[in-house]
Amino acid sequence: AQSVSQHNHHVILSEAASLELGCNYSYGGTVNLFWYVQYPGQHLQLLLKYFSGDPLVKGIKGFEAEFIKSKFSFNLRKPSVQWSDTAEYFCAVNMNYGGSQGNLIFGKGTKLSVKP
Amino acid sequence: IAGITQAPTSQILAAGRRMTLRCTQDMRHNAMYWYRQDLGLGLRLIHYSNTAGTTGKGEVPDGYSVSRANTDDFPLTLASAVPSQTSVYFCASRGTAPYTEAFFGQGTRLTVV
Chain R
1014 AQSVSQHNHH VILSEAASLE LGCNYSYGGT VNLFWYVQYP GQHLQLLLKY
1064 FSGDPLVKGI KGFEAEFIKS KFSFNLRKPS VQWSDTAEYF CAVNMNYGGS
1114 QGNLIFGKGT KLSVKP
Chain D
933 IAGITQAPTS QILAAGRRMT LRCTQDMRHN AMYWYRQDLG LGLRLIHYSN
983 TAGTTGKGEV PDGYSVSRAN TDDFPLTLAS AVPSQTSVYF CASRGTAPYT
1033 EAFFGQGTRL TVV
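Respectively, the protein sequence lines represent chains R and D.
Quick note, the first sequence lines up with residues 1014 to 1129 if you use my numbering.
Quick note, the second sequence lines up with residues 933 to 1045 if you use my numbering.
Check before you lean on any hint, since a few could be wrong.
As the list claims (entries may be wrong) - Partial chain R-side listing against chain D, Cβ under 7 Å, derived: (1) L1057; (2) L1059; (3) L1117; (4) F1119.
Unchecked claim - Now the stretches of chain D that chain R is said to cover, found in silico as 3 or more residues with beta-carbon under 8 Å: (5) 965-977; (6) 1036-1045.
For the record, the hints were derived by calculation from the structure and aren't laboratory data.
By construction, the Cβ of each residue, glycine as well, lies at the ideal position given by its N, Cα and C atoms.
Construct the entire structure; sequences and hints are all you get.
Here's what the structure looks like:
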């Protein structure tokens, strides 16, 4: 079965530190990849997405992610975090069947705490 | 445009009671989903519907049922609530083109006592 693994349960950083959150998925076919963010008490919002093309994708608020097909990875990065980035981050994957898309499967999430 | 509306926002429910969580979207998306979010487990898919009139089971369907009578509405019913169904429930919708993302509602916080 398709699965998504996020390596870190809780990451604590100081402001201005660099961030990298790992995400690996298990499916070997064509996939669509997403990172969602959930600020405290709020719903999930899309941070960035990859469908095809340039494997380095840029999202909102200075986030980016790199798709490495050979490693089945889609790691999220930000060069310099801010206190307002404190949130939970979810990697999600769906299979792409060429004309339709499978269900969106989520990782367990990584909680990011940024110290001011 | 409201997007996705869930109701109620929160609810405390006695075990054994029946409860329907409502979800309505105004984006004319064909696909809709119900997830539950639990600490340390992320979001798990309960049921989904790829188009009006069809539904399917996700990862954790037991104890839940759904219906999809039209494009806009996708209610989730707990026939007889149990404490393990205490969770935050999110409804989501998505277009059916190959390259679309899911949009989420604000969530329903359900406590079964």
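Find the hints from earlier in the document that the structure breaks and name them by number, from lowest to highest.
Of the numbered hints, all hold.
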